[in-house]
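Q: Chain by chain, the residues:
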Amino acid sequence: MSIFSRLAEKSWENPGNRGLVDPQDYRPDAVTVGVYVYFGVATIVFTLMAAAYLVRQGMDTLMDHGIDGSDWVAMPEPALLWINTGVLVASSLAFELARLSARDGADERMATMTKLGGLLGLAFLVGQLILWRQFQAQGFFLAANPANAFFYLLTAAHGLHLAGGLFACGRTVGLMSGGAEERRVRRNVRLCAIYWHFFLGVWALLVALLVTT
Amino acid sequence: MATTLADDLKPLHHPKTWIGKYVWSQDHKVIAVQYGVTAIAIGLVALVLSVLMRLQLGFPGSVPWIQPENYLQYVSMHGMIMVVYLLTALLLGGFGNYLIPLMVGARDMVFPYVNMLSYWVYLLSVIVLVIGFFVPGGPTGAGWTLYPPQAITEGTPGYSWGIVTMLVSLAIFIIAFTMGGLNYVTTVLQARCKGMTLMRMPLSVWGIFTASIMGLLAFPALFVAAIMMLLDHLAGTSFFMPTLFSFGQTTDTVGGNPILFQHLFWFFGHPEVYIVALPAFGIVSDLISVHARRNIFGYRMMVWAIVIIGGLSFLVWAHHMYVSGMNPYFGFFFAISTLVIAIPTAIKVYNWLLTLWRGDIHLRVPMLFAIAFIFTFIHGGLTGLFLGNVSVDVPLSDTYFVVGHFHMVMGVSPVLVIFGAIYHWYPKMTGRMWNKTLGQMHFWLTFLGTYAIYMPMHYIGILGVPRRYFALGETAFIPDSVALANAGITIAAIVVFLAQGLFFFNMIWSLFRGPKADPNPWGAASLEWQTPDTPPVHGNWGPKLPTVYRWAYDYSVPRPERDFIPQNEPPA
Chain D
501 MSIFSRLAEK SWENPGNRGL VDPQDYRPDA VTVGVYVYFG VATIVFTLMA AAYLVRQGMD
561 TLMDHGIDGS DWVAMPEPAL LWINTGVLVA SSLAFELARL SARDGADERM ATMTKLGGLL
621 GLAFLVGQLI LWRQFQAQGF FLAANPANAF FYLLTAAHGL HLAGGLFACG RTVGLMSGGA
681 EERRVRRNVR LCAIYWHFFL GVWALLVALL VTT
Chain R
113 MATTLADDLK PLHHPKTWIG KYVWSQDHKV IAVQYGVTAI AIGLVALVLS VLMRLQLGFP
173 GSVPWIQPEN YLQYVSMHGM IMVVYLLTAL LLGGFGNYLI PLMVGARDMV FPYVNMLSYW
233 VYLLSVIVLV IGFFVPGGPT GAGWTLYPPQ AITEGTPGYS WGIVTMLVSL AIFIIAFTMG
293 GLNYVTTVLQ ARCKGMTLMR MPLSVWGIFT ASIMGLLAFP ALFVAAIMML LDHLAGTSFF
353 MPTLFSFGQT TDTVGGNPIL FQHLFWFFGH PEVYIVALPA FGIVSDLISV HARRNIFGYR
413 MMVWAIVIIG GLSFLVWAHH MYVSGMNPYF GFFFAISTLV IAIPTAIKVY NWLLTLWRGD
473 IHLRVPMLFA IAFIFTFIHG GLTGLFLGNV SVDVPLSDTY FVVGHFHMVM GVSPVLVIFG
533 AIYHWYPKMT GRMWNKTLGQ MHFWLTFLGT YAIYMPMHYI GILGVPRRYF ALGETAFIPD
593 SVALANAGIT IAAIVVFLAQ GLFFFNMIWS LFRGPKADPN PWGAASLEWQ TPDTPPVHGN
653 WGPKLPTVYR WAYDYSVPRP ERDFIPQNEP PA
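Chains as they are written, first to last, in the numbering used here: chain D, 501 to 713; chain R, 113 to 684.
It should be emphasised that the hints constitute simulated quantities derived from the structure, not laboratory data.
Watch out, some of these pointers could steer you wrong.
[To be verified] Here are the computed distance ranges between Cβ atoms for each label pair: (1) D:Gly586 to R:Gly348: 32 to 40 Å; (2) R:Ile131 to D:Gly586: 44 to 52 Å; (3) R:Phe171 to D:Lys510: 55 to 63 Å.
Ideal placement from N, C-alpha and C gives every residue a C-beta, glycine not left out.
My request is simple: use the sequences and hints to build the entire structure.
A: Below is the structure:
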């Protein structure tokens with residue numbers, strides 16, 4: 501039943517439950533619903549930051565004071581930015597293989613791929629920290645320019661979300677080794693993969709924003 | 113210790129100790145009370161601040177230690193506390209927590225641990241906010257809108273530390289709300305009992321559900337703005353801080369865009385009006401239906417109106433910024449969208465009135481508050497139509513007309529609903545009845561008192577009296593009657609303030625001495641009144657979850673034993 505037909509129900513007309521299916525038979529579990537709802541929150545967070553980025557970049561406020569143009573100086577694009585991006589793609593691929601393994605019931609491969617995905621995710625975060633240090637060593641400090649400030653802000657927000665994902669991944673690995681219920685472990689692996697793909701997508705859009713402006 | 117109840121997939125955590133049961137509780141009902149008590153406690157602080165402001169305005173200089181900078185701090189803290197820490201927290205954290213699982217037939221929120229965490233993080237945000245009163249320079253005096261550059265510029269009260277505690281507190285609050293909001297939305301989507309279709313949910317749940325989604329989408333704007341302003345203030349970035357001249361010298365900041373902050377703030381700020389209003393709309397619909405013994409008029413329209421208002425409220429934010437120098441075409445767009453939102457809102461008002469029409473109206477205290485809400489909301493809503501028009505808003509902006517408008521529409525109206533809701537659900541929450549006479553006295557003093565406060569504000573606003581001013585001084589266009597009006601408003605405000613003592617006394621006294629309540633004293637059809645225990649115990653429903661067979665508004669049915677059919681009663 502589509503959402504529109506659900507919202508068009510004339511609930512006062514037909515008391516009773518004839519034809520109604522038990523919700524347990526079709527509803528996704530709460531954690532899955534919760535993760536999807538959170539994607540909505542994350543989408544709005546990054547959209548607003550990206551909007552603020554574009555607005556601030558377009559400011560031309562120094563003209564009033566005799567300095568023509570904008571104070572925005574774009575950040576460079578070092579090789580490490582692309583290496584980190586590649587590592588995140590690999591991490592996402594590993595999680596996808598873990599998800600497929602969970603679907604096929606290949607538990608051993610699922611465990612291996614989940615751990616690999618997590619390790620690559622960790623490598624991405626370490627790489628981002630190294631990238632920050634490189635920028636700082638070159639004088640691209642947070643307050644030196646609005647482009648720098650946005651770069652640190654966006655990458656920090658993205659990194660914190662991935663750190664949260666790593667925590668969930670760590671718990672899933674813990675559940676595997678603790679012999680938890682299979683259904684729950686596979687559900688968690690699937691959610692880790694979806695979460696990782698989502699934040700890979702976010703990262704792709706952020707990189708596109710950073711390198712094209 | 114965990115036990116599995118018959119039809120649950122997940123074990124419930126039943127605490128054994130007093131601390132586990134009432135402090136570190138994962139029971140949605142206890143968390144609701146924790147949210148409610150904390151929100152009301154901090155709300156009382158804001159109420160005291162408003163009385164101090166009124167004393168200064170009504171009787172200037174009567175309290176010598178209120179200085180101009182204190183006055184601005186009271187304005188700022190009063191506004192933010194009332195909007196965010198009281199109304200949002202109480203309506204969603206308090207009523208959302210209490211009502212959602214009971215009304216949809218669930219045992220608890222779907223993530224009880226996260227729910228508990230949400231409350232404690234909220235409490236932390238309140239503590240950080242209160243710390244702001246004690247830091248050097250005191251709390252921020254930048255107004256509740258916290259506009260840069262003045263919020264973090266020398267000369268504004270609390271510009272150094274007060275603004276930091278405010279922004280940090282807001283960021284913590286938003287984290288708390290996100291945890292709570294995820295719970296409310298997911299519980300409604302995922303944990304409704306068998307037979308509880310979306311269109312069988314009571315309107316209270318629809319209001320809270322939609323407001324929670326809106327909160328999840330709107331609060332991030334404030335979060336982003338708060339973090340960026342903190343970085344501007346503490347790390348020297350220039351997201352919002354423009355080039356400023358001070359004593360002939362430029363400051364360190366360059367190029368920032370203060371209007372960007374306004375956009376982010378109001379992208380949160382306007383939906384916030386409806387985050388507060390929609391739960392109130394839903395709750396008042398249920399109160400009116402129950403106490404008028406009539407099924408709610410136009411249930412589907414009521415649901416759709418809630419959803420449409422929720423959606424449209426994201427398209428009107430810049431009507432708060434008509435005087436910011438925006439492009440007139442933007443003003444035109446936002447004026448149109450603002451007026452369009454009046455259509456679903458008017459549908460709701462008509463439907464409340466049509467529910468009352470020829471109803472078997474019982475003027476019990478909750479109903480008195482519900483009907484009073486209709487009055488105040490219509491008044492506040494109509495003045496909103498004035499201010500939605502650019503040409504009317506520009507001269508009235510920053511006058512007391514605006515203060516009167518928003519207090520009526522999003523201060524008094526939801527507060528009246530909150531009182532009505534507390535009186536309505538108190539017997540279920542405590543198993544006791546409150547004192548009727550005290551309740552009626554509380555109602556009349558509050559209702560008439562708020563009119564005495566806010567109607568004159570519209571008058572002095574039209575005369576051009578500016579808001580946020582510590583003292584008016586010698587101003588040619590302000591007649592003497594303004595001073596008289598201000599004194600009258602202050603006296604009314606003090607009376608209303610004192611009248612709240614009746615409410616608190618009634619609630620606390622009745623908790624111990626009130627007569628035992630019937631499990632369903634109002635004869636309500638919705639599910640929360642059908643629990644096997646009153647007050648409901650942890651798990652709510654005994655060994656088996658309820659099954660729902662009908663909507664929540666089967667009233668005035670021709671039956672000898674009772675005039676309503678509970679939602680969980682199977683058809684004959």
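Q: For every hint, state whether the structure bears it out.
A: Against the structure, the hints come out as follows:
The hint said 32 to 40 Å for the Cβ distance between Gly586 (chain D) and Gly348 (chain R), and at roughly 34 Å that hint holds. Separation of Ile131 (chain R) from Gly586 (chain D) is about 51 Å and conforms to the stated range, judged on CB atoms against 44 to 52 Å. One distance hint, 55 to 63 Å for the beta-carbon pair Phe171 (chain R) and Lys510 (chain D), holds here, with the actual separation near 58 Å.
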